[in-house]
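Generate the whole structure from the sequences, applying the supplied hints.
One line per chain: the protein sequences are A and B, in this order.
Heads up, the first sequence is in this note's numbering, so the first residue is 1 and it goes up one at a time.
Heads up, the second sequence is in this note's numbering, so the first residue is 1001 and it goes up one at a time.
It cannot be assumed that every hint is accurate.
[To be verified] Keeping only pairs whose Cα atoms sit at most 35 Å apart, straight-line, the calculated DSBU-like set for lysine-lysine is:
#1 B:K1241 with A:K59
#2 B:K1414 with A:K91
#3 A:K59 with B:K1220
#4 A:K91 with B:K1112
#5 B:K1220 with B:K1112
[Unchecked claim] Stretch-level coverage of chain A by chain B, calculated; a stretch enters the list once three of its residues show a Cβ under 8 Å from a Cβ in chain B:
#6 11-21
#7 58-66
#8 74-87
Simulated from the structure, these hints should not be mistaken for lab results.
Here the structure is a predicted model, which means the values were calculated and not measured.
C-beta atoms are modelled at their ideal positions from N, C-alpha and C, and glycine is treated no differently.
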Amino acid sequence: MESKLYTFHFRTGEISVDHEKCVRCSNKACVKADSLFGTAVLRIQSGRPVLTTSADDAKRTCNECLTCELYCQSYGNRGLTIRLDMFGLEKYRASNTEEGAH
Amino acid sequence: MVRLIEHQGKELLRAAAVPTPMGEVVSTPKEAGQVAEKLGKPVAIKAQIATTGRFKAGGIGFADSPGEAAKIAGRILGSNVKGFLVRKILVEEKLSVEKEFYAGVIVDDSYKVKAPVLMFSTRGGVDIEQVAAEHPEEVRRTTVNVLDELSLSEVEELVRSLAVSSDLVDRVSRVAYGVYQVFRKYGARSVEVNPMAVTSQGMVYAADCRIVLDESSVSKHSELGIEYPREIGRPPTELEKIAWKIEENDFRGIGYFVQMTTQIKRGEGCIGFHGIGGGGAMIGADALVRCGLKLADYADTSGNPTASKVYRIVKLIFSQPNIDGYILMGPVIANQEQWHHAHALVRALREELADRPNFPVVILIAGNKERESIEILKQGLAGLPARIEVYGREYVYNVDYVAQRMKSLIDDYKGSELSRRGR
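Structure below.
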């Protein structure tokens, strides 16, 4: 069964957290990274990362450092992902692929 | 900065009580003929594109009859003038001009002034810089204190200080005054009416205008419908439009991206260029060009942008087909937390380089949190199949070496690509 994701927005994207993975994570690298590089919008509650503040405040104060995802993927249990608004770039790349598109 | 098209500028001037020639914007030869008929006099037909030098480039014509207007409109519409496809033309009455003046407001950002300057000259129709150099006695200027309102009497005083006949002073001053009102209302970088035409009937018109707005003014004036507020002398590419969307409502640092060319052949040494720190980045760009490399784009992420903005700019750079390498050229001790760049690069390059064996990447990054940033990059990019070199502050004054490393990696890459493809 697909687990329900904990999601919240920042100004130009969205963060999704799979808490079922997080409870098995011994590192909580996302929160450590957010504390060092970000604006500490995350804290651990019952073994899971949650917002320290309201969703509206988090949207305003998150500095979009991207490190919660980066460090979760590198050192955590890969439960946190960031979706960034790309303002049409994916569509552009999809319609402009050729052998040298990259 | 964004330059308004002539008819947009004239609309703003009319709203500030500046007379402009009668006319309409149309998009077909038939409509052009109809407007000429309605005006009932000789007309000027002008391509509505955001560039100077339209007359010499064939973007402006004159007609004495509606039929001739339609014919000339047919020639201009759909043509390519200085890289712009002409979709609209302005058909307006041809003025019977006796004299040409100039009025303009610019921002003088020299440290002694830092304020708007209203300029007036009795020599219009030519570049004001040229007039100032060759006939300085025919140019007057006054610095405007932005905390006070500029008064009409101050403008009249400026106009009277030159050889303007007394019966024209009021009308000329009102045009110059309107120029300043537009400047102030729209947060412009410059507003110029050139020429300010005095007709044989003694009327004064803004015959042509050049209005440049600051990027930060654009979001405050959505009524202007500006899609791409940067003056690049040609229509924006799709990637440049996306770059502006990234920047449009996010003033956290700069994320600038403009394409130098879209005609890139694999193997010709055309690289994705990403600079930090305006002037320093340009010095780095020059060093790369001296090595025989070409720049596909000029990108800049300065002013402490978010990692998400830097990531998007890197993705834009890699969206250019056939680039032979990527360089982050930051030859400055940047006063921004460089680890945001480092994290953005790790995210973007992990995505972009996974299937680009031996792809050349050179990173020169210096400034706050530099040591940590280099460590983040080395750890985060380890294991990728590309050839990645990272340099720090020791190379800020040695951009030629960094550029040479880029060149060497590209030469190696070309060789490995050829053998990989079995050519």
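For each hint, the structure was consulted:
1. B:K1241 with A:K59: holds, 25 Å
2. B:K1414 with A:K91: Since the Cα atoms of K1414 of chain B and K91 of chain A sit roughly 29 Å apart, the hinted pair holds (cutoff 35 Å).
3. A:K59 with B:K1220: Answer holds: K59 of chain A to K1220 of chain B is near 23 Å, not above 35 Å.
4. A:K91 with B:K1112: violated, 48 Å
5. B:K1220 with B:K1112: Status holds; Cα separation ~29 Å.
6. 11-21: Coverage by chain B holds here, the residue count being 3 at a Cβ distance below 8 Å.
7. 58-66: holds (count 4)
8. 74-87: holds (count 4)
When each numbered hint is compared with the structure, a violation occurs for hint 4 only.
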